[in-house]
Amino acid sequence: MRYRIVCVGKPDGGPYGAAIRRDVARLDALTPAELVVVRAARGRDPEARRRQEAAALAAAVQGRGVALDERGRAFTTERLAAHVAALDLRGESRLTLVVGGADGLDAGLRDDLVESWRLSDLTLAHELALAVLAEQLYRVEALRAGHPYHRAG
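This note's numbering applies: residue 1 is where the sequence shown begins, and numbers increase by one.
In short, the hints are calculated from the structure, not lab data. Incorrect hints may have been included.
[As the list claims (entries may be wrong)] Beta-carbon label-pair distances, calculated as ranges:
#1 E47 - A145: 35 to 45 Å
#2 G146 - P32: 12 to 22 Å
#3 A102 - G72: 16 to 26 Å
#4 E47 - A85: 32 to 42 Å
#5 P148 - A55: 41 to 51 Å
#6 D28 - L89: 19 to 29 Å
#7 R118 - R94: 14 to 24 Å
Since the structure is predicted, the reported quantities are computational estimates derived from the model, not experimental observations. Using N, Cα and C, we set each Cβ at its ideal position, and we do this for glycine too.
Turn these sequences into a full structure, and let the hints steer you where they fit.
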């Protein structure tokens, strides 16, 4: 599977930047993975910002588009690995995972993407969501590669 994680903002800084970079690199060592960052929109209206960000996010989608959203489908790590393996078997070898900015994802973009995944029942800051996503994708690919167990550090 090839992964493209598309996000808004500046995930390299802040308290989660090192974790995001580390886990994208670990994932990339197992299978091609990249992090694509689009510029956060400016302005006072959150709906207008979401629409502007949605255009940039949508332009970066390659392959099967997946929204990361609190209303999405929840997985355990093992079930997510099985889901990714099933997609791979069907010939869908590229996943783009879309993480919105501080205002969330535009509803139109969310509806346009093929599926939606939920990382937690809790609302997560988008940088934290990126860190969790990168780490879980690494674990998924570690399981798929037959590593002893996805708890490997």
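Against the structure, the hints:
For the pair E47 and A145, the supplied restraint of 35 to 45 Å holds, since their beta-carbon distance comes to about 42 Å. Between G146 and P32 the CB atoms are about 18 Å apart, so this pair conforms to the stated range of 12 to 22 Å. Between A102 and G72 the C-beta distance comes to about 18 Å, which sits within the given range of 16 to 26 Å. Hint check: E47 to A85, Cβ distance near 38 Å, so the stated range 32 to 42 Å holds.
At about 43 Å, the CB distance of P148 to A55 agrees with the hint of 41 to 51 Å. With their beta carbons about 22 Å apart, D28 and L89 fall inside the hinted range of 19 to 29 Å. For R118 and R94, the hinted distance range of 14 to 24 Å is satisfied, since their beta carbons lie about 21 Å from each other.
Consistency with the previously given hints is maintained throughout, with no hint failing.
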